[in-house]
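K.L.:
Modelling step: build the complete structure from the supplied sequences, incorporating the hints.
If you read the protein sequences in the order shown, they are chains W and C.
Be aware that the first sequence starts at 1, since it is given in the numbering used here, and climbs by one per residue.
Be aware that the second sequence starts at 444, since it is given in the numbering used here, and climbs by one per residue.
Just so you know, the hints here were simulated from the structure itself, not pulled from any lab data.
No incorrect hints appear here.
DSSO-like cross-link-like pairs, simulated, lysine-lysine; straight-line CA separation at most 30 Å:
| # | chain 1 | residue 1 | chain 2 | residue 2 |
| --- | --- | --- | --- | --- |
| 1 | C | 464 | W | 93 |
| 2 | W | 129 | W | 63 |
| 3 | C | 632 | C | 572 |
| 4 | C | 560 | C | 521 |
| 5 | C | 496 | C | 514 |
| 6 | C | 560 | C | 572 |
| 7 | W | 412 | W | 327 |
| 8 | C | 632 | C | 622 |
| 9 | W | 93 | C | 465 |
| 10 | C | 521 | C | 572 |
| 11 | C | 464 | C | 514 |
| 12 | C | 514 | C | 632 |
| 13 | W | 412 | C | 622 |
| 14 | C | 521 | C | 632 |
| 15 | W | 393 | C | 622 |
| 16 | C | 496 | W | 93 |
| 17 | C | 572 | W | 393 |
| 18 | W | 393 | W | 293 |
Residues from chain C that face chain W, not an exhaustive set, calculated with beta carbons under 10 Å:
| # | residue |
| --- | --- |
| 19 | 500 |
| 20 | 517 |
| 21 | 523 |
| 22 | 524 |
| 23 | 531 |
| 24 | 532 |
| 25 | 546 |
| 26 | 558 |
| 27 | 587 |
| 28 | 595 |
| 29 | 598 |
Every residue gets a Cβ at the ideal spot worked out from N, C-alpha and C, and that includes glycine.
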Amino acid sequence: MTGWDVLQDPNTQWVLIGCMLLGMCSGMLGSFAFLRNRSLVGDALAHAALPGVCVMFLLTGAKSIGLFLIGAAVAGLLAIYSIQAITRYTRIKEDTALALTLSVFFGLGIVLLTFIQHSDSGNQSGLDKFLFGQAASLIASDVTAIVVVSGILLAATGLLFKEFKLLAFDPGFGRGLGYPMGLLDGLLMLMLLLTVVIGLQAVGVVLMAAMLIAPAVTARYWTDRLGLMVILSGLFGALSGALGTLFSTQIENLPTGPMIVLAATSFFLFSLLFSPRRGLLSRVIRFLRLRRKVLHEDVLQALYELHEQPHAQLTATSFTAEHLSQKTGKPRRRIQSALRALWRLGLLDGLESDTIRFTADGLVAAHQIVLNQRLWDIYHMNENQYQSAGIDKNLEEITPQLSPDTLAQMMKQLDDYDLTPTLLQKPKPAVSVPYTKKGGFSL
Amino acid sequence: MTDKKTAPPLAVRDLTVAYQKKPVLRNVNLEIPEGSLIGIVGPNGAGKSTFIKAVQGLIPVASGQVEIYGKPYRAQRKLVGYVPQRESVDWDFPTDALDVVLMGTYGRLGWFRRPGKQDREWALECLRKVGMADYATRQISQLSGGQQQRVFLARALAQEASLYFMDEPFAGVDAATEKAIIQLLNELKAQQKTVLVVHHDLQTVPEYFDWVVMLNRRVIENGPTHEVFTADNLQKTYGGRLQTPTSPHFAAISPRSTSASNNPTPTATGITLASSFSGTSCTTKQGDQP
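P.N.:
Set out below in structure tokens:
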């Protein structure tokens, strides 16, 4: 069967819809769990679900998603209670309590699962699929259950968006507002639990946690708004679900869970590297750019200040790269490369004879840089005087933020400290970097 | 007692709070007058933050009653605004300044309802009051510490409460923020609101607050600043860790305090604190001096 034929099959379509809805739920709810630093709770819940499901099967002998839901919910609640009880009544910290509970419940689940498989009815139970998931084993009633449960979960997330935001950002404040934060936390847990249960058959207990974490972490790379993050996370989850299902239905004996998780992880890896603001690549580029900019400014400033020294006259004296290297404390190699770049920009001259001078443009640029630096110095030295001037310290340039009066006051102070840049008499307001309220770098 | 007009904004009787068996606050009794700015001072570990958390029911108490305008806290929740310490949340949370301030309106909105256009305008107005209107759409991690503090203040304002609790709003903020906070406190006072502020900087207490609660695991003093903020009471609160040698303010009140005036390096503030007491401009222990 080729890919297209498979998609024509109504059965596969159902399975696909089921897995996409599952991915969407786990993505959206996972966002809140992730922001609340509860990512691992999902893991504990998933592992704890296994013994719950097995006990239910042993008790009733039936394979029904409704019954499994109850079993998994009971086991999950027990696991959460154990974690809380261990942290409250012993000196054991939460991470240890989580690991402990998770492994004990999972161990118990494996024992029960092995027992069931070796019993008479066990071979047909298909419970072993719960470890890694098998989308193809979903039957119509399973998919219906997934659709119903995820419908409820999505609606509840939409309704409680504001409350969950409060829970994730500042539960203490939420309690002060009168919201029962404990109850909301419990509700979020319960919803995570439901997601885990509907995901058992498709993704499996072992990897369900990744479905809760990976889409959320991925989405965080692309936005700074919670609403958008939750939606993106849902989309990434759904997309992972679809891709994983397609692969696993195409190729025989390929478990669905790992395929979905691999898809989700590749989205994550891509975002980690290439997302525009938080990605590693853009951070490296930003860092290198900043480094180069600082180097260029330092060289211009150093040359300016060398000129400013007594008896050094602008036209008569020039300086060598060695002078600049000594003045800035930077290695010759870096100075040379900065000099070449500044020469290409038409700011410096005299490189070939190692008698470095400013061009007319270069002098203006250097003057601006020096003035900006020294005004900041003045500002920081006399911060109390300038409180009301509304200056944002995080911005790079101070001059565009100053009213004429404040500027005059600062220039006067520069004079008092004997810091006035002297090489250009009239400072031109030639602003090289446009004034923007957007924040600085976040490296 | 139950009338909002006559009952004090905050009345605490026999409040005891214990962390793991050890009492942090013991037998706290006090009443706070309406429409005043109240500074809560005391050494580190004196239970200042614990106190304001306990009266709001944010941490369990071992015993005692707290009444807000004559009724238990639960019934009066809407009248109380809270500014927690800035470090209490993760500022890398995906949201902007306006959205955080909008959270102040959530109590009024109730379950399921989302903030509307009016709420949004109100939140913007609150940001304006703390001088942060230009930063409404900025991601909160891109704000400086002082700006984050002001966002928290704006959020409390958006609650439209009558009684405010603030946990060290002045800690580690820049001059502009300090000024903005003071302006805001005075505005709140002018509206007959009551503000309790956990405060670290003893120098500014007489200037900022008209009522002081001096706390060291129990209430040492509780009263108008000009009456209770004396060198004697500071000694009682901070013990030997505090000396008040050269300040005319304290010298006038307590002649005994001048006995320490052989201090070779008199400080500009006149208040010299042990190094265990952080937050003031000078932290020199007596024994450390030459």
